[in-house]
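Participant: Each chain, letter by letter, is given below.
Number of protein chains: 4
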Amino acid sequence: MKKKLNIGMIGYGFMARTHSNAYRKVGNFFDLEYTPVLKTVCGLVEEEARAFASRWGYEKVETDWRKVVDDPEIDIIEICVPNNFHAQIAIAAAKAGKMIVCEKPLALNAAEALAMTEAVEAAGVPNLASFNYRRMPAVTLAKQMIDEGRLGKIFHYRANFLQDWTISADVPQGGMATWRLDAKAAGSGVTGDLLAHCIDLALWQNGPITSVNAMTKIFVKERKSVESGRMEPVGIDDACTFFCRFGNGSMGNFEATRYARGHKALFTFEINGEYGSLAWDLHDLQRLAYFNHNDEGITRGWRSIHVTDGDHPYMSKWWVPGLAIGYEHSFVHQAADFIESLATGKPVGATFRDGLETQRVCDAVLKSAESGAWVNL
Amino acid sequence: MKKKLNIGMIGYGFMARTHSNAYRKVGNFFDLEYTPVLKTVCGLVEEEARAFASRWGYEKVETDWRKVVDDPEIDIIEICVPNNFHAQIAIAAAKAGKMIVCEKPLALNAAEALAMTEAVEAAGVPNLASFNYRRMPAVTLAKQMIDEGRLGKIFHYRANFLQDWTISADVPQGGMATWRLDAKAAGSGVTGDLLAHCIDLALWQNGPITSVNAMTKIFVKERKSVESGRMEPVGIDDACTFFCRFGNGSMGNFEATRYARGHKALFTFEINGEYGSLAWDLHDLQRLAYFNHNDEGITRGWRSIHVTDGDHPYMSKWWVPGLAIGYEHSFVHQAADFIESLATGKPVGATFRDGLETQRVCDAVLKSAESGAWVNL
Amino acid sequence: MKKKLNIGMIGYGFMARTHSNAYRKVGNFFDLEYTPVLKTVCGLVEEEARAFASRWGYEKVETDWRKVVDDPEIDIIEICVPNNFHAQIAIAAAKAGKMIVCEKPLALNAAEALAMTEAVEAAGVPNLASFNYRRMPAVTLAKQMIDEGRLGKIFHYRANFLQDWTISADVPQGGMATWRLDAKAAGSGVTGDLLAHCIDLALWQNGPITSVNAMTKIFVKERKSVESGRMEPVGIDDACTFFCRFGNGSMGNFEATRYARGHKALFTFEINGEYGSLAWDLHDLQRLAYFNHNDEGITRGWRSIHVTDGDHPYMSKWWVPGLAIGYEHSFVHQAADFIESLATGKPVGATFRDGLETQRVCDAVLKSAESGAWVNL
Amino acid sequence: MKKKLNIGMIGYGFMARTHSNAYRKVGNFFDLEYTPVLKTVCGLVEEEARAFASRWGYEKVETDWRKVVDDPEIDIIEICVPNNFHAQIAIAAAKAGKMIVCEKPLALNAAEALAMTEAVEAAGVPNLASFNYRRMPAVTLAKQMIDEGRLGKIFHYRANFLQDWTISADVPQGGMATWRLDAKAAGSGVTGDLLAHCIDLALWQNGPITSVNAMTKIFVKERKSVESGRMEPVGIDDACTFFCRFGNGSMGNFEATRYARGHKALFTFEINGEYGSLAWDLHDLQRLAYFNHNDEGITRGWRSIHVTDGDHPYMSKWWVPGLAIGYEHSFVHQAADFIESLATGKPVGATFRDGLETQRVCDAVLKSAESGAWVNL
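Residue numbers (the working numbering), protein chains in the order written: chain A, 1 to 377; chain B, 1 to 377; chain C, 1 to 377; chain D, 1 to 377.
The shape of chain A in the complex, shown without the other chains (with noise of 0.2 Å):
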């Protein structure tokens, strides 16, 4: 008989969504010790937390995260609510002995980053950030070609995150839908929701970064405030682009908006080393694109692997060659992760402290871009 996890689920909007879907289904797929079980869902408005809780199978509901935290019954908490709750949700969790499972950014910045990794360490607690990207299987077969050294010495990295939606003036900020807009409730902009992501495959993949030098921009200075009611100055970056340097000698360069036309989530890497090249992109989330210079010189070209065979990262788990896994399912595999690892002790990541030095980074850029000169880390 599997040991059960109960699950309390703090927040009931998009990525309750995918975590709650994570948890349900992973056992169909996966063989694991523990069972997930989606215990609480937690969120403000009770109504609605009843709706989730009724959709998704949870068998209670609170509208005060303190209370599913305090509950014994619970083991893992996930935090899925906007990012100015994260570090006051994860510190209570952490010292109630509790697993907790985080949304990215980790946090506001990095001082509470750091707060909460410290505090998730001090309490010896099993931590993940959930940067679900890491476990694309086309981006989890770029890591391992990576460390097999396949691309030799590495020159050059690059990565994208591409977005359209907020290039109305009428889109508003604040708010359920558009908190990711509002500084107080999000930290920044396109910083730390598109390019946290980038830079957690970057550090995962190419090493630490050591400075950083960026650029920002608002293009529509002011928005209604949904809570307010009125125009007020928008405080987020709608766009940020940096280059860096890597530890490992290469060079980066970085690129996330809200205002390239034609891209819903055109999240991209290119990676560029001796031997070889990598390339992906979230819009065609299945293929990897991977340049082989070893290959003989009349029939070297560009690679397009369609990562969905047997041998593929994770790909056994789920039909047959040629039939493509979407975007929830770097969730359910996460979720696979992080279950195994409590079972064989062996912490998987982005843990908290993975994404603390994210948010260093992230800091960073902020920094630099506000003094428009370099930044050391």
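To be clear, the hints were calculated from the coordinates, so they are not data collected in a lab.
Wrong hints could be hidden among the right ones.
To give an idea of the interface, some chain A residues facing chain C are shown, with a C-beta separation under 7 Å as derived from the structure [as the list claims (entries may be wrong)]: (1) P72; (2) Y290; (3) G297; (4) I298; (5) T299; (6) W302; (7) R303; (8) S304; (9) I305.
Calculated lysine-lysine pairs in the DSS-like style (CA-CA distance at most 25 Å, straight line) [as the list claims (entries may be wrong)]: (10) D:K317 to D:K2; (11) A:K317 to B:K39; (12) D:K317 to C:K264.
Short, incomplete list of chain B residues facing chain A, as computed with Cβ under 7 Å [claimed, not checked]: (13) A265; (14) P321; (15) A324.
From a predicted model like this one, the values you see are computed outputs, not experimental measurements.
We put the beta carbon where it would ideally sit given N, CA and C, even for glycine.
Given the coordinates of chain A, assemble chains B, C and D onto it according to the supplied hints.
Facilitator: Just chains B, C and D now, with coordinates in the frame of chain A:
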């Protein structure tokens, strides 16, 4: 309180997984009047059926499908076993007044398919042939655009289904994993397995086929039988290509094979009409290619529509624009549409009768390949 | 001092431009023993011939092709006129001992092509059927890879040639610009115009075709004749599709049409073999797609070879890696190879005999389409 | 009778070939008032200059460029030699009243470029900086669409120029083949060689750059000098990335490198505006990607425009729709436009003054990279 729909799953192989997954998650994403319940799974080897039940949460296990068909608690019989069992189970289930969802191809041949169709129509039970690809959002969008007249008069319909998994002569025939290579179990080779999908979409999108001219080929003439352990002649078609006339005056060109290196499950279609063209392939399932001749001349070009926006078919139920879904979701959509049809009383396709039409074309194709002559439908 | 090759160009239309351009520039890029000289251009309307001569630097103008054929100064007769003139000019030129380059298709039908082939062979004159696509670097590379055995046993050969320029019923037939729609001048429609290219490459890359089964279609039944000014029945095939058996045991599937919206000149082929596959299309002519099954499993993928490196066929003569050449260069390469063959005495294809083989397949295709039955070759 | 334009070509390397080819063929395709004549070629090694003259049909050979500049028969001086010779030749030619076409970058630095610009403007001679990519049809079409306001307000301009030919530490610096790696001859590395192209297009398409922030990198610190035969420090930038502010409020992001495996000459740009986006790359030079946000929602997608139709820029001069041209044609178009400008008296860009503006940005980029700070223009 929602009404329950008790599922009786016959089979525990690949397709039983796709259907079980669909029923398990459909209610998390779609608002339906009925809640499917994974009641009973039935399979020949009890231990394996038990493992399947445990993994998916089925309440009961049977090894004799007749018991499931006769069980008054069961509402829907799901037929996810080799083709040679479809007819007998379906006819018995119809007589027992069950709703039926049957994997494709509907039967070994049109005669069987006709008997099945007559049985469900006589019994007046809701029935569905599981041609799941109709419900990939990009495919559904294509259908919608055709029905809106965006292509005008149609000139050409082309479809391929290319695989490469049986090139090695060491792949056996028969047994659980390779029954599709055994003529007794499968009825035909790529015609029933792959072309049936192409034909179903073609009939749905482009109307009736009136005559066909086909060619088949067996590349590996003998394979070891899993049952007998001996080399036996291969009875199924390894590859099949045909051209045809549609009732609307357009020409069709179809091909399927399991000998196309580099293609795992490359199901494609392309439709050329007076005002534009549409193309799709399963390896990049979230995209629909569209050429609109009415676009201004200098800016005309094939559009690559990333079918992930909220106004695209089914997509408002999932994540946010840009985030892809996968193969499995076609079955979730099928389950949702079927369950909704029970509420509305309005049948959804592919019905058994639709499946029969596809079977008739398959039979004509095989007959033409044998005779080397055109066959009228 | 290089020897001169005096060109007698019959025709001043589209193909006369591609050939004149090739001769004019071949010596700038290739080191050849002979220097082609644009000596005489011949066409029906003297004023137009004169304008052509002035533009391209031809020294003389004629309106009667027999004078060019009889001119002792002329070394090579270039036949760039409608198909119904090919045979008489070629046979006369052969008798006059001229080398001959003839645009494709070689003739109106195989009987004519045979007479032409016998004439040049009897006369012992170098001869070339202008199947220029053999000499796109990516296509030449494909041929080289097949000959090296990189694909192993071949299972499938597929080729399409899709256009969309005759969809409007207002396009007339006959005359200078639209003689290809006039059966008297063209012999056939897409079969001789487009499929001839596909068939030539197929025979060259994959060996003889032994039997064919075809279907043709006329979508627009009547068009205004440029000559008569009246609506007249359309005699050419608007679209043609056929499947076939190759001598090496592989299956072929071919299609050509002028009714495929969005495709200007989409000539494609794909070859599937035991160890790999190759694919090419004319719209992205500088790329060859290659799937190598012998690549390591997890990194296998279709390679997009940008055929612009110095070790790719012909490319050392042009620019630097990454910089593409275009359509016209296939004619320059053809001119270079033909001129080189004069020095070596080793004929290069497509010879008239090769063109005859293609014509035989075209005739078989048209005969099969008419009879609705397989036709053996 | 057309007037003649006598060309004096200084240099016989790669660029001398592209320009000679352009002048030789421009009259075959464009109707111009002037006929260019390949009069004199000048280079240091007489034997090589003679071979070049013989190949291209130059009438005379010189080894001292001053003689060409002083030759009263010469109308146009073509400067196709390493960058460190541009200024002296151009200034002398201007004083001699010659028209001048100079390869890019215009000079070693902005000071030189200013002197050259002042010289041609003082002399009142037609002048052109050879930024040939403006005249790739897809790029010209992009410019036209921007000027028509199809993108609306611009938010982002991105350009890359990625190569991989200097990764090996065995590539030397200096000499005829690798002078681009020698700081004395080239002035800078990828900044002047590659980014100059990106910057020229950016200024042309998107207006002035007001400030830049850059980073450069030398990956291989020492290379053997062709001149001295000894290992010497590398003085040029192997890679350079910068972001910038445009006068129109948009952000720019640029990168060039010779260390990006798999990219031979991947020059790309992408422009994101309020109503749409455009993207292009040199490896698939005949295509322009266009996203039109004004397309109806469900059918919106990036269009891949195959820029080969008769109504696309320059394309009516070439073949028929679907048939691509290549790299060399950008020089033919440049020659045509320049010759036409002589007839109309209306200068065409890039003029020397345009080249000076690009040089100023290059200088600012290099200065910023050195100082680590923003540099205003």
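Participant: Hint by hint, say whether it matches the structure.
Facilitator: Results for each hint:
Annotation: interface hint on P72 (chain A) violated; nearest CB of chain C at approximately 45 Å, more than 7 Å. Checking Y290 (chain A) against chain C by beta carbon gives a least distance of about 6 Å; that is within 7 Å, so the hint holds. About 5 Å separates the beta-carbon of G297 (chain A) from the nearest beta-carbon of chain C, less than 7 Å, and the hint is met. Residue-level restraint check for I298 (chain A) holds (minimum Cβ-Cβ distance to chain C is 5 Å; threshold 7 Å).
A least Cβ separation of about 6 Å between T299 (chain A) and chain C falls short of the 7 Å threshold, and the interface hint therefore holds. A distance limit of 7 Å between C-beta atoms decides the matter here; for W302 (chain A) the minimum to chain C is near 5 Å, and the interface restraint holds. Interface restraint check for R303 (chain A): the shortest CB-CB distance to chain C comes to about 4 Å, inside 7 Å, so the restraint holds. Checking S304 (chain A) against chain C: minimum C-beta separation of about 5 Å stays under 7 Å; hint holds.
Here the hint on I305 (chain A) is kept, as its CB sits about 4 Å from the closest CB of chain C, short of 7 Å. Taking the CA atoms of K317 (chain D) and K2 (chain D), the gap is near 19 Å; set against the 25 Å cutoff, the hint holds. Of the pairs offered as hints, the one joining K317 (chain A) and K39 (chain B) holds, with about 24 Å between alpha carbons and a cut-off of 25 Å not exceeded. Straight-line distance between C-alpha atoms of K317 (chain D) and K264 (chain C) comes to about 17 Å, which keeps the hinted pair within the 25 Å bound.
Given the 7 Å rule on beta carbons, the hint for A265 (chain B) holds: about 3 Å separates it from the nearest Cβ of chain A. Look at P321 (chain B): its Cβ gets to within about 4 Å of chain A, closer than 7 Å, so that hint holds up. Checking A324 (chain B) against chain A: minimum C-beta separation of about 5 Å stays under 7 Å; hint holds.
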